[in-house]
Amino acid sequence: MPYTAEISRTNPTSIIFLVDQSTSMSDPIGGEVPQQKADVVADAINRLLTELSVKCAKEEGVRDYFHVAVVGYGATVGSAFAGSLGGRDIVPLSEVADNPARVDERSKKVPDGAGGLVETSVSFPLWMDPVAHGGTPMNRALQYAESLVSGWTERYPASFPPIVINLTDGESTDGDPTAAAEAITSHATADGAALLFNLHVSAAGGTPTAFPDTADGLPDSYARTLFSMSSPLPSHMRSYAASQGQRVSETTRGFVYNADITTVVQFLDIGTRATELR
Amino acid sequence: MSVRSPTAPQPQFPSGAAYAEALQHTQLCFRHPELKGARPDLTKLGLPRAISGAFASVFSLTSATSGQRYAVKCFTRYVPDQERRYQAISARLARLDRAELSQPWNLGFEYLPDAISVGQQRYPVLKMEWIEAVTLSSWLDDNHADRFAVDRLADRFAALTRDLSQHEIAHGDLQHGNLLVAGDDTLRLVDYDGMYVPDLAGLGGTERGHRNYQSPLRGNDDFGVELDRFSAWVIFMSLKAIATDPTLWNRLHQPSGEFLLLTEEDFSSPGGSTGLQTLLAHPDQLVSGLADRVRSLAFQPLELLPPLSDTIPKQRTAPTVTTTSPGPAAAPAGGAGGLPGWMTGHVPSPARPTSTATVSTSPDGFRGRTALDVATALLWPLLLAMTGVLLMAGLPMPTAVAGAPVAAALLLTAFARSRRVERAQARAALAGLTQQLGRLDEPVKAAEKLRKEKEKFEATESERSAAHPKEQDKLTARYHAELKEAEQRKVRKQREIDKKIGKLAEDLSKALLKALTDKQNAYVRDRLGRRLIADSPPHGIGPTLAARLAAVGIRSAADFTGYRTVQNNSFNSTGAVLVISNGRLVNVTGIGEAKAIGLDVWRRDVVASAVARQPKALGTAERQQIEQGITRRRAQLTDQRSALEPATEALRVQARKKLEDGRSRLTQKHTLAGQEAARQRQEFSQRAVTLKQNRAIHESLSASVEAARMSLRRLAYAHYVRFIYVGR
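Chains as they are written, first to last, in our numbering: chain A, 18 to 295; chain B, 164 to 891.
Treat the hints with care, since some could be wrong.
Covered, in the sense of this in silico footprint (three residues per stretch, anywhere, with C-beta under 8 angstroms from a C-beta of chain A), are these stretches of chain B [to be verified]:
hint : region
1    : 186-193
2    : 202-213
3    : 849-861
Using C-beta positions, here's what the derived DEER-type ranges look like [said to hold, decoys possible]:
hint : chain 1 : residue 1 : chain 2 : residue 2 : range
4    : A       : Glu-188   : B       : Gly-200   : 48 to 56 angstroms
5    : A       : Asp-233   : B       : Lys-637   : 25 to 33 angstroms
6    : B       : Asp-670   : A       : Glu-188   : 27 to 35 angstroms
7    : B       : Thr-225   : A       : Ser-124   : 24 to 32 angstroms
8    : A       : Glu-188   : B       : Arg-815   : 18 to 26 angstroms
9    : B       : Thr-597   : A       : Glu-112   : 40 to 48 angstroms
10   : B       : Arg-815   : A       : Asp-233   : 21 to 29 angstroms
11   : A       : Asp-230   : B       : Glu-605   : 44 to 52 angstroms
12   : A       : Asp-230   : B       : Asp-347   : 53 to 61 angstroms
13   : A       : Glu-188   : B       : Glu-605   : 47 to 55 angstroms
14   : B       : Arg-602   : A       : Lys-75    : 35 to 43 angstroms
Keep in mind the hints are simulated off the structure, nothing from the lab.
Where a beta carbon is used, it is the ideal one built from N, C-alpha and C, also for glycine.
Looking at chain B on its own, in the form it has when it is part of the complex (with noise of 0.2 angstroms):
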């Protein structure tokens, strides 16, 4: 299906990798004079050595003719009207006077279309003059304590973006890698990929910029002169924090960190963000007043945002050590009402999420006496040298009312310091902090409730994890069960089939033989019917006796089967009766014994000689018959055999059915229960997250209250007394 997508796809670049190798043969990949053959930096394997963004590696080349080093940029994505760009921002960096820059930080480059071979295809490249500088993020971590060199950077770096914006100049990725701090500690700007300058007005933009230094209102299509504004504030603000407190760079910074002091998340929600917190809590103005300013331009347009160089002084080169406002940015440049400069322009913001920024203190202990202060000052000798008098004087007098007027200086000095405003600030302060801190959770409490909830639901996790092969297991099993059930039944029903079908030979014969009995027996019974006393009676048996006979029912020889010998009570002799052929007994007057005797022999004789003529075999048509029925049964019986294969494979079928069913059901539920536990872990690292970063605001508030707590230990009734005569 590697089919081509509807809208054609972009023209493919070669990856960083493709070009590191090509550049492992610079004779062969290049064409320029100046780079065939030149000699690229390498890494500890050997491998050509990059540096590489977003949309490119670059390489350091040493020219093998000139001996000059370049930084050769091999792209790795396609850029649209990239040469166009670059040809736009050559000619426009050009023309720039290098004597009435505040610094020497354009390089120059030169576009080459075609340049490099990678592959079968040849690609552009850029080629840069290299320079010898570092980024400004590793610069600060070796310089942030040196606060005036801190100062002095962010002073030129807002000349710099006064350059910018005089010639219409707009960087768009402005950020800690791409201000790079140079030997003499001037700023060099590098990576013009993104460059706005008037003649590509109307074009796009090719990127957002560093995340960390962007508005939350910048978008993808924004390219003109005012891209820089907010990244301009925000690196100033940086810096002028730096260069105010150097503790800062330690506090808000995390090594490696892609930031100066503020992320985006600063930016985007200012309330749940440590580093804003922190500089808008800052006890100096400065810093508070530029993180405000910060934090109030996030929410602004880019177009209104005002630039960093209209609200700078133009020349700067003192060091700015002092912490005290209205601070060294009061000049006043483009400023209205006597405000420093940076409060100028200042556009209402949303409502601030707390109150840090107002509750600061600043700065600590009393300042400025009132009338009241002196007062209380010139008071104080005055009463003591009153007391002084009435007990040199030699007056009697209780102590209460020689220490009158020492209680009245202390008293009066209470309620001087009292009305201080500095008192009812730094509680208020203290207050507010106190009151943000109670509402933050206790971190370590939190901590320790998130673990354990973890620790619970990771237990019910494994348990379930756990189930689930079982239950396979149980389905599986169930199937196996119904399977193997299936089996026995159809084994058990085959073999009594089987036997019912070995038996059918033996019920043939027997069906034959009783057949047969059955005709012989009908014949002889035929016969024995028909031989009737009074045709050929017996020898002895007259027409008296025989009418005697047919009374009771006897006419042939078929209608009596013997005889039985009976005591006659009244003669004392033996006399007999008949047997009829129901069994019953009947005496027949003047049958006696030997009439009995001599019937029977009659009897017999018959029988034996219709047995003698009694058919010997059956029929053709009897015996097809017979056999029709077994072979009916038999083909009964196959079929019963036969059927029962369906029927097992028929009960198969279902328990597969029913383990496919339970199966799809279980693997069903094991997946949303996947999934539920991811959704259950994702937010255990959101916690996890935002417990990290509250431990943070939680560690500055805790320091800031402690903070609070040393000024207003500055503010006792000692500290008060020594004010009012000193002054501070």
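Extracted from the complex, chain A is given alone in its bound form (with noise of 0.2 angstroms):
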């Protein structure tokens, strides 16, 4: 059965990043305080970038479950870590977990025990800074995660298949991505082909479409077109997203529509979920 091999250090898999960095993604995106969809992207892979190390972190350190790209495309298309992992593609877990380009202190407003809250300020590391400048050449993103993924599969052929996550906000500025999103999806391991999962982040507030089984009811041909590029969730997500409280079925693709700053959360940790770290 695909999708079922074990995650390890001997067999890790590789998850890669593609963020939409163009001019739009400085349009704020609805929430409790108004902020750019920008920031909003690049603070939730950073908290993700986070949890991984965390979920991976053993006696001895980072545990290389997971090797971790970073690719932003807007004005050009290229590794959007910052600091010492600049320029980089996939990089282990263990290398990024001990390197953010800076951790940031940030005030965070906290119970204080006796029924109050209380204002204290929390680290928070960083691995990459929002960008908003230039089109959306989704095409060339992909066709670049095409090549990270076919090295990968031929380096690790045993690995859970690699997991490419788009987060987008607009429509492809070079041509129709099917094609180049099929490309990806024709890699596989022996445990089954690479998963392109797409997140559309909106600015327009209205009610999210997560985790859609039909491209029935979306609303034009660019989100159809998004959904017909996603890849269905392997069942161990499945059931993941189902304990979370999403609704899904057997033919559930990992595609979000309309993504609030929530679903963005939720998705990123419903994407990345592991079979089982050994």
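Join the two chains, each given in its own frame, into one complex according to the hints.
Listed below in structure tokens is the structure:
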């Protein structure tokens, strides 16, 4: 059965984030406090990298169950890592964990134990900065990811297949991305074809369409294209999504349209959920 | 569509990172006096350092008040009946008398409900004593070469499992990460999440345990005292094997591999597994016997598995360094029929996939002299002496006879050697191994074949990928051409119609003019017809002539149009013929040139007077009829013109549909090809993985073949001669 490979240091998997950095990413996204979409996406990925580092931490340190790439696309297409990892593509998680660009102090209100709230500051490691400049060369980004995926499946033929997560807010400006998307999912390890999930971040503030199993009811051809590009969720991710209160079916796809802040975070959590880490 | 699923989702727990963030302020997140303000161990980045598992993250916290160090377990997943489980486990473990245990393996813990505040909520933690110890796998990394220490640890492990089963406790997830080795080389058992104690009987299991340690038959719901049996055998066998042959650690254990010597595949499909085959083929019978035991146990239901502790002698501190059977486990504990303890209770297992284990050889060289060997040994000096005597007697005889005793001795030795079972065994072993090796594809060749196939596939695949946009472009180009053609056709037709419409005004005036002319001509013709020659004859035409004219059909001015002068041959004079209406010429007797001129002048006067009176314009009705005709024509043309646009649009729609159909056919084709490529690549990956495994099996088998050859060499003639005297 596909998508059941155990993720281990000898059989790690790779997670490749494709981050839309087009000009429109500077538009605000709905929420309690309005934020730019680029900020929300960068925050979500930074948070997820911390999350993965903690999840893979063992006695001796962070284990390389995952190798991570963060690719930005806008004015250019390439590594979106800042700081000492700048310019790198797929980086082992242990190296990611130790090398954020910087650690910010962010203020946060926490319960003071006496029924009130007290403002404290928490350390927040950052690996990528928000960027919003240029077009949406989604085709090039997908082709970039394909070369990473192809190299990975060659190197780790037994591993859980690579997961590509595309976070975008607009239509591709360099042509129909369908063929490039299919090229990604045509690569496979012994455990199955590479996975491509798409997250559409919206400024519209409508109800998000999360993990649909049909293109019916999607508002336009752009949404339908993104839907058709998205891989069905493997069974363990489906179960996890269901345990998170998502409505899922056998043919549910890794796609969210019109995502708000909460859905962005939840989507990344579900889309990077591992089978079993050993 | 973020609608809640019909079944209520499980309660949500914070993630490991959320706990790590909360633990940046232990003063705020804890209420417990020992933990409030405790100092966490930090990572390089200065954040609380976690050790994470599937259900929880553990943090090391040093109490600000007591200075005591704790391991605090924070749960990231909901576990049903969690508090009840921990309370029951805690109570059961608290009743154990540490003095009675083989070693102080249990560790104290306290379940604290609502202990930590994360976000707006409070969650439980497990506060555990911190122990200084290393995991079994990292201990083996450092100590596998110390056979004594490893063997002692194997026995301590067996003793630990005895402690557990004596108290009807099962850990549920015995593995290299949950067994720690303390500084004094005694074991500590950690992570009690999935532990079974009798008070929890009836509840389900919370986990299935590490897959590289579990029986293929362990199910999700198994939860009872027998949970650890299979993993206990796996661990014990691995430790004993390493103690016997420390090289096994480097041969079968991968650096950072999540297993000791064997993995899940070894248990589920022993035939294709490198690890199990290597152990089964091991020359040491303790190793191969234990491996065979594990192999057969993998096919038995958990409740039928014999506890490790029942079959292992109770106290063993002496090192187990000898490599010959029956070995240290031969104590009669539970044994029957003099079999080694670990061989008892052996349940018939599925047929062996290969015969590796049976053809394994041990020990090397000849062992145990038979009567024939002894006789041969005794015969040699006897026959040599006989030869000496014969030679010394100085009797003349052929050398052949003198050499006969020696030859007899040589022959007898050869015969005696051929009777030794070791040679047959060694040959069989070598043959068996060689045969097995032959069955395996040569890894280098197979890899080359795979590489070539892959290369070919990737080439066609990249051609296909490149062809796809071209085919798309072709469709688009055809679409554009069709649009262009439709547009051109429309414009051409429009121009034609516009030209016709533009000419309508001219057509009208022409039609009007023609109608007037026709009307005038008709008037004149009518007038001419009414002027009869007989009624008002022209000058010089009398009744006779008029009658003659009437005889040829000329009665009125309308009946002729003129005359022609003719030369009369007979009289050499000029005469005339008349031109009648149909253009024919008639000769009328009595009408000469002068009469003809007269007639013509008469006719001209009639014409002139008719023309002078002819109508000068069309009547209103006539005119309107003509104008209406033109208006109808204009309407027809305008209709034709406006029909052009919808017709063209229909062509456009048709072309668009053709394009879309073509595109969707192409996309479908591409998608199918992509899926096929994924399937093909998956197969390549599978072959690459198998190849890697085969390479290891191949190496291992090749080594065994080499070893078998060596041992066959040790059975050579000279070795036999030494053996019959020396005994080895």
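How the hints compare with the structure:
Counting residues of the region 186-193 of chain B whose beta-carbon sits less than 8 angstroms from any beta-carbon of chain A gives 4, enough to reach three: the coverage restraint holds. Closer than 8 angstroms: that is the beta-carbon criterion, and the region 202-213 of chain B has 7 residues meeting it against chain A, so the requirement of 3 holds. Figure legend: the region 849-861 of chain B, annotated as covered by chain A; annotation consistent (4 residues with Cβ-Cβ distances under 8 angstroms, at least 3 required). Look at Glu-188 (chain A) against Gly-200 (chain B): about 53 angstroms separates their beta carbons, and that is inside 48 to 56 angstroms.
For the hinted restraint 25 to 33 angstroms between Asp-233 (chain A) and Lys-637 (chain B), the CB-CB distance of approximately 31 angstroms keeps it satisfied. Judged by the Cβ atoms, the range 27 to 35 angstroms given for Asp-670 (chain B) and Glu-188 (chain A) is violated: they are separated by roughly 56 angstroms. Range check, Thr-225 (chain B) to Ser-124 (chain A): Cβ separation about 27 angstroms, and the 24 to 32 angstroms hint holds. Distance hint check for Glu-188 (chain A) and Arg-815 (chain B): the Cβ-Cβ separation is about 24 angstroms, which falls inside the suggested range of 18 to 26 angstroms.
As the Cβ distance of Thr-597 (chain B) to Glu-112 (chain A) is approximately 47 angstroms, the hint placing it in 40 to 48 angstroms holds. Taken as a hint, the range 21 to 29 angstroms holds for the pair Arg-815 (chain B) and Asp-233 (chain A), whose Cβ atoms sit roughly 28 angstroms apart. At roughly 48 angstroms, the beta-carbon separation of Asp-230 (chain A) and Glu-605 (chain B) lies within the given 44 to 52 angstroms, and the hint holds. For the pair Asp-230 (chain A) and Asp-347 (chain B), the beta carbons lie near 58 angstroms from each other, so the given range of 53 to 61 angstroms is met.
For the hinted restraint 47 to 55 angstroms between Glu-188 (chain A) and Glu-605 (chain B), the CB-CB distance of approximately 53 angstroms keeps it satisfied. Distance hint for Arg-602 (chain B) and Lys-75 (chain A): a CB-CB separation of about 40 angstroms, consistent with the stated range 35 to 43 angstroms.
In summary, the structure is inconsistent with hint 6 from the numbered list given earlier, while agreeing with all the others.
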